[in-house]
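Chains as they are written, first to last, in the working numbering: chain X, 863 to 1182; chain C, 863 to 1182; chain E, 34 to 354; chain W, 34 to 354.
Be aware that a few hints might be false.
SDA-like mimics (lysine to any residue), calculated; alpha carbons at most 25 Å apart, straight line [stated by the list, open to error]: (1) W:351 with E:312; (2) C:993 with C:1084; (3) W:333 with C:894; (4) W:282 with E:354.
Derived by calculation from the structure, the hints in this document are not laboratory data.
Just so you know, these numbers come straight off a predicted model, no measurement behind them.
Letter by letter, the chains look like this.
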Amino acid sequence: MNISKSKLINMYEKMVQIRLFEEEIIKLIGLGQPLGMAHLYIGEEAVAVGVCSNFLDDDYIVSTHRGHGHCIAKGVKIKYMMAELFQKKTGTNKGKGGSMHIADFTVGMLGACGIVGGGIPIATGSGLSIKLRETNQVAAAFFGDGATNQGTFHESLNMASIWKLPVLYICENNLYGMFTPASYALSVQDVSKKAEAYGIPGVTVNGMDVIDVYEVTNQAVKRARNGLGPTLIECKTYRYYEHYGSSTDSFYRTKEECEKWKQRDPIKNFRIRLINDGVLTEDKLYGIEEKVNAEIEEAVKFAEESPNPNPEDALEDLFV
Amino acid sequence: MNISKSKLINMYEKMVQIRLFEEEIIKLIGLGQPLGMAHLYIGEEAVAVGVCSNFLDDDYIVSTHRGHGHCIAKGVKIKYMMAELFQKKTGTNKGKGGSMHIADFTVGMLGACGIVGGGIPIATGSGLSIKLRETNQVAAAFFGDGATNQGTFHESLNMASIWKLPVLYICENNLYGMFTPASYALSVQDVSKKAEAYGIPGVTVNGMDVIDVYEVTNQAVKRARNGLGPTLIECKTYRYYEHYGSSTDSFYRTKEECEKWKQRDPIKNFRIRLINDGVLTEDKLYGIEEKVNAEIEEAVKFAEESPNPNPEDALEDLFV
Amino acid sequence: MQREITCNQAINEAIGEEMKRNSTVFLMGEDLYGNPTFGGKPLDLSLKKRVLNTPISEPSFVGAGLGAALTGMRPIVKLMFVDFSLMALDQIINQIAKITYMSGGNAKVPLVIWAPEGASGRSAAQHSQSLEGIFVGTPGLKVITPSTPYDVKGLFKTAIRDNNPVIFLTHKRLNYLKGHVPEEEYLIPFGQGTIKRKGDDVTIVSWLYTLNKSLVAAEQLKNEGISVEVIDLRTLVPLDSKLILDSVKKTGRLVVAEEEAKRGSVASEIAAFVAEEGFQYLKAPIKRVASKNVPIPFAKTMEDFVLPQVGDIVKAVKDII
Amino acid sequence: MQREITCNQAINEAIGEEMKRNSTVFLMGEDLYGNPTFGGKPLDLSLKKRVLNTPISEPSFVGAGLGAALTGMRPIVKLMFVDFSLMALDQIINQIAKITYMSGGNAKVPLVIWAPEGASGRSAAQHSQSLEGIFVGTPGLKVITPSTPYDVKGLFKTAIRDNNPVIFLTHKRLNYLKGHVPEEEYLIPFGQGTIKRKGDDVTIVSWLYTLNKSLVAAEQLKNEGISVEVIDLRTLVPLDSKLILDSVKKTGRLVVAEEEAKRGSVASEIAAFVAEEGFQYLKAPIKRVASKNVPIPFAKTMEDFVLPQVGDIVKAVKDII
Ligand SMILES: Cc1ncc(C[n+]2csc(CCOP(=O)(O)OP(=O)(O)O)c2C)c(N)n1
Ligand SMILES: Cc1ncc(C[n+]2csc(CCOP(=O)(O)OP(=O)(O)O)c2C)c(N)n1
Ligand SMILES: [Mg+2]
Ligand SMILES: [Mg+2]
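The following block holds chain X by itself, in its conformation from the complex (with noise of 0.2 Å):
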């Protein structure tokens, strides 16, 4: 691999930091803290940063209600986004988001969303508006398999295809929707093959590994930089908890196929690879941990001293 040492320290860094904000929030949710609806991202962490770490700050993405991974990989602040899941006022949000709706316009998050395939119309609006102002950006749009089956997938595809826009189409594709499995909503087994509907190329990648999930993003954000169009990369990768919350307990998935992914671990790995590549020590990578950990513990103290909206505030930021 010929990324640099600095951007793979930085992109383990991100992936211990989803992984790590999550399992705080699963420890939250064990304490009965009340964070909403929270759809969680671990054992998908190779997908949001091997993709982001090719995007700059004023690159787009849009987000779904799985959201939390996009937010960190996109560079959004840990701590205003647990203030937001804690329902504060110095939340990203100003505690009116929450966990689907984070957004940060600064870093070029442009939301997640509670509606499946409601993003993908808005990312390629802002493909849209990079190709009308003549930048140089490129904007992301995640969507999980369930997500393909909503006909904005087709209507977004078919647009950014005829304008040629520079939006990347990253297909989350976790095996399943919600309870029901991509092989039985999906009408063909690799989602990527649907780019040829779209005179687009399409590609499957292992989401389980951010080397390759960044090298093949790496290639379609160059040609949508290069005013080539869109691409539609599909990876498959797998999330350890249910739909939402924090249970493992699935009626329509194994515990063999859990582990079987869990295997798969795209930090473990990651980790490991780093280490026997030479590029960091145990001792380094345990540094990065450390690190991370007591930023997720900053983080929550921020969240808890931060003062509470006051209802009010409800009436408030309808219009700008």
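Given chain X, work out where chains C, E and W with the ligands should sit, using these hints.
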């Protein structure tokens, strides 16, 4: 062609019915008769007739804003259609629907539809109904090239594929959606290519040749009745008149293009073929044309003499 | 002892019974087998073939419901939440609500669209809406809004047997509410509200979850010597307009309490109706208690403030006494 | 002589001027170059790059408008008819209307959605609707409903410069209506209705095409000795509630006249508002004149019967005098 003589004659008659019905509309519009928004089908007759000649009365179709041809081909009575356009109480829809909403459930015509892409899910649902009731029927959705960019196209084909519904998706690719060339709005050249994205067969056929359309449809109907699921059939065709109304002035199409397509006129060429193949003599064909002419005349008379709805009739039929 | 079951169970029973009674009844929607609102799975597994999981394609599976209804089936289309109905409104408003009329009464559409609505605590703006106004404002739809397990079951069965499109709205907060539901079959006709509590000074008209708050408010007001009549509309289309007018005739005062954003709500419609048809009875302004005119915010402090509360209903009543 | 242009031309001018003024303004929609409502093509061909034909994909091109608005552009999204907005309501209601609020005011959405509405003669149920109620009932949208070329132009320019989502509704029957529009630039602020005609006995509140009918009705009523005040609201959100209340205070009587189906209409909202805030001024019931509660039928006899007519307005006024 191994199509029975009586079927061929019937097909010819239907095509002539559509043509003369609409030529009558053009005449009436010229005379100032207010018929509402009529989207003419002239030029595309081979599609409706080639497809529907495979159907029985209890098979279903769902049509579009350009629905006269589908209605006639599926067996809706011309005189009630004419009365509908004349806004009469005796019309197919009691004067409540007009050209874009003609329906006749007694012959499986589930309705034209004024919303582009709006009819595709309805046809899909009638296919689901067939499957649940375990009958041997089939259903077809007609739609234009423009409609394939609507999300409902994508969603419906996916559902039909995973459930193996007995539905034929008939795309009438007349090269334009209103004033917008399909070559601009569509990310692939052949709509049929999109079938792959749903793991179903897709065929492009010469929509100016009723036998070609008939035969391809025939295969698809067999598949459907045998429980093998949906087929996407793209018929390349051309509308001779403007998007709606009786003008032929197009700012977005050349006269040459129109002329070229008229050379391939589906009725003229089918007529020649029937004579050449010795199916019918010129005289007999002329007889059919005369018969249809008389039918149209009668339909106009019926429509003219029919009573207008009373204003208060508007309050009826909201619920049954 | 009287049998008590939850609203969820009441719906399950209604659907199960009607499916057994009529082989053309079927249920379709997303993740039905794991969806707590449906209760897990059909009660009788022999009905499984008619409980159909759909892909996440609201516009098309709702439209497919119409196609099936037109061709001999009686579909129940479940939307996970009413918020997602917005994806399917072309099918609901342009197709489903209109085809019977447009066809001059030739189309029969025995279709139920069942959608849970309302705020249930920190689900934020896209999972908390109450949208009855959109459906009530669409000619061609019947709109049902029950508040008790008894009503849920009886009205759901009626909905399934109706030959017209029915939007059946339940409230998420009522899913696990328990109440008496007899073992024996019964149906509840559309268009009949009920007086939940008799009173003389003010009429409160309400439905779904806010009805419960209205009843609590009425009890509080009683302690202050104010006698409140509380009407549960149960169905919004058709509307039991006579029940409303008769009550207002008696009390001379009206509060309409519900959970939609106030502006453009069904509360507004009912207020306008009474201001037009019952003006002569009115002794005071008509008050609407509803959500404030913003999306539902995430944080509990703000969510509580935006939603109509018992205190707001009490205050509205006092304002016009 | 005063310059007179049509509403269509007024919009063309507004868009053209704002596009020249600000390079982030662009227009997207179906068949724009041939669409009579847009007037054929942009006035200044140098702007062509910013007039973008879309595929027939309402949900996504409306949603793309939001994406563009969030990232530095000022899109005008044209829907061919408001009926087709129903396909895009998830984007309009769940995304566009809510994102500013959900993000705690961090999102700026300078987006205009322009949709012609209303019945224009035998276009039947799917091409004749008036749907302002849906938009007015959605917190987070501004809703504009002008009736004259002057107002169309001034309000459209304001809409383009607003940093919030604006639903700009025009009425098909007004497309070719001519009226004075000055050459000089002007803007009209949102939230200011105008008194089109002064009167003392009854207030008629109206907008869009029905406003014209209201003015004709007022003239007829004058001949019968009834003095009618006619208010053109021009914008429904924000609403000039003071203008309405002041007028009702003076006349004591209110008719709201508009083209939506009556049930759940904005007429109902305004009636409810006055029954709540202006009850003390009222001498008579509030009347709503609107379309009957059915889809718009095709045949002219029935269509005329369903739509609100001058005679209906006259009758409503007389009913409460
Ligand atoms: C339009 C819409 N329909 C249904 C839902 C409920 N819902 C939330 S997430 C989800 C499954 C999404 O599956 P997928 O796109 O694969 O994403 P994943 O959760 O697997 O990451 C569903 C059905 C919704 N939020 N929006
Ligand atoms: C949802 C929707 N958007 C736009 C329109 C306006 N419209 C009517 S027909 C048409 C073009 C349709 O093109 P196509 O599907 O190719 O059918 P054709 O008219 O060529 O037969 C358009 C844009 C509509 N009726 N419905
Ligand atoms: Mg998934
Ligand atoms: Mg076409």
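Here's how the hints hold up against the structure:
| no. | hint | result |
| --- | --- | --- |
| 1 | W:351 with E:312 | holds, 16 Å |
| 2 | C:993 with C:1084 | holds, 15 Å |
| 3 | W:333 with C:894 | holds, 15 Å |
| 4 | W:282 with E:354 | holds, 22 Å |
The structure fails none of the hints (numbered hints given earlier).
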